[in-house]
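Student: Chain residues, written in single-letter form:
Number of protein chains: 2
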Amino acid sequence: MVAIYASQGDPRETMLLLWRKPADPEARSGPGPKPGLTIDTVVEAAIEIADEKGMEALSMRAVGERLDRTAMALYTYIPNKSVLIDLMFDQVQAEMPTGYDLGRGWRAAIGEWAGDLCDFYTRHPWVLQVSEARPVLGPNENAVYETVVRILNETGLEPRPILHISGTLFHFIRGAAQTIAETRSALEVTGVSDEEWWHVRSAVMHEVAPDFAERFPLITAFGEQGVFEPIESSLSYFEAEAQDTFDNGLALILDGIEVTRTR
Amino acid sequence: MVAIYASQGDPRETMLLLWRKPADPEARSGPGPKPGLTIDTVVEAAIEIADEKGMEALSMRAVGERLDRTAMALYTYIPNKSVLIDLMFDQVQAEMPTGYDLGRGWRAAIGEWAGDLCDFYTRHPWVLQVSEARPVLGPNENAVYETVVRILNETGLEPRPILHISGTLFHFIRGAAQTIAETRSALEVTGVSDEEWWHVRSAVMHEVAPDFAERFPLITAFGEQGVFEPIESSLSYFEAEAQDTFDNGLALILDGIEVTRTR
DNA sequence: TGATATTGTCTTACGCTGTAAAGAATTGGT
DNA sequence: ACCAATTCTTTACAGCGTAAGACAATATCA
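Residue numbers (my numbering), protein chains in the order written: chain A, 1 to 263; chain B, 1 to 263.
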């Protein structure tokens, strides 16, 4: 996963695009051909490609082709690919709900929010490749932050603990969502099911590390009583396991918040 | 971050390399020139490049150059780049300690382990780009899993909860380490300090969203009383903040484990 | 000793990437 | 009719992983 730093290029220009403030409010009627595309159509096409085939399939040529243009035509609308990714990133976050019911308490609300965020990330796994370190600062990203902080504010905790908890939730949810998304796509990408994958490797493992059970007794014991029990769900084994880790991990973190709160 | 799936190519060949079992124990004295490199020298050179300049600078040509060879010379030792990354991945994990003192209880031990893992990831941030979904299954990766499970086994919990907790810890620690590493490298890569970065954007923000405080009242309020207080530490503001999030989030998760344990 | 088979390494080549530079085509204002 | 502005295309460059083929070095066998 290559960390993609937000906003390579002129920050002002990027922000104007993110918040859709045309740089020059006049001058939108001069000579020259009318633009055949808009920022939104370009961003939308790029999002479709990233959703369908992943971030590594997102090329300027591919986006251009989807819009019946060449790659270079896009540079009329967008300064470079890095900014395009920022715009995609902020655009999809509009999918996240903002109005969670606080009537049933912070725990129910944050649980719902976390589930929605995890679903969001698994719908758009490429979003996880955008660095969180220096945020994009678009309107929809800000709305997501505002939403989680508003829910956590119900805990009665101070601002700094709330920011730490929000960061912790993001770390956990992003990691869980990434694993869920990767287990899901692993079959599509490699064409090998979890069962096949494990079957082949466990055979080679015995050949290559005959002393495995002695060297790693606990994971051997834990593996034997958990791995590849027949499961009823329609999910692959690993995906079901990843989903369980999310559910249980989330509950554990909420318990931890409760402890912090009542201390 | 592009998810890199482990073991593209023949799984058996990859496992033999990971566990350093030469495919053919005989036949190591035939005609032809003697090999000038070894798997280890190649993997080591690749790790150095990834550590120094990041995963996106890791190219076969770059590794070859560091060893005074061409890119193609490496294919004598390694089937392809994907397998090279698997070998790098498992190799560096040997840095993780395995013998944590359980005398002071699981909480102290897991706290130490988590800190070590976070440090490990920030030393080798490229490791975070290797997918966790289908593990590499090398000896050192297995040792890391065995270690964390051995510590968590001290909680007295059942295997499945322990696996969920271990997964939760990995998700959280990876996310925290990634943010720490990215805040650290953001300055090097972009040449812009956190303060400059924020100064520019907050100015443009006022221009582009004059109603920001009304639209996002809580993050406005929370921001005002926390952001960019002068800090004494040698860390950048964001890095110190990311480190705080790790420390507090870890404590919170450990509290959550305690709750699960005593329920 | 000379031939042969085997192996390490290099060169070349292909299709992909982001985007700089330059030119063609289209349009509105004068 | 001309000009200036704007959209869009073409071409080009250096980088990527790696397939194919050539070449050089070496140990074994006749």
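Note that these hints are calculated values from the structure, not bench results. Being a predicted model, the structure only gives us computed values, none of them experimental. Fair warning: there could be bad hints in the mix.
Capping the alpha-carbon separation at 27 Å, the derived lysine-lysine pairs in DSS-like fashion look like this [unchecked claim]: (1) B:K21 to A:K81; (2) B:K21 to B:K34; (3) A:K53 to B:K81; (4) A:K81 to B:K34.
Student: Now tell me, hint by hint, if it's right for this structure.
Tutor: Against the structure, the hints:
Straight-line distance between C-alpha atoms of K21 of chain B and K81 of chain A comes to about 44 Å, which puts the hinted pair past the 27 Å bound. A C-alpha spacing of about 19 Å is found between K21 of chain B and K34 of chain B, which places the hinted pair at or below 27 Å, so the restraint holds. Straight-line distance between C-alpha atoms of K53 of chain A and K81 of chain B comes to about 21 Å, which keeps the hinted pair within the 27 Å bound. Proposed proximity of K81 of chain A and K34 of chain B is contradicted: the alpha carbons are some 46 Å apart, above 27 Å.
Checked against the numbered hints listed earlier, the structure breaks hints 1, 4; every other hint is satisfied.
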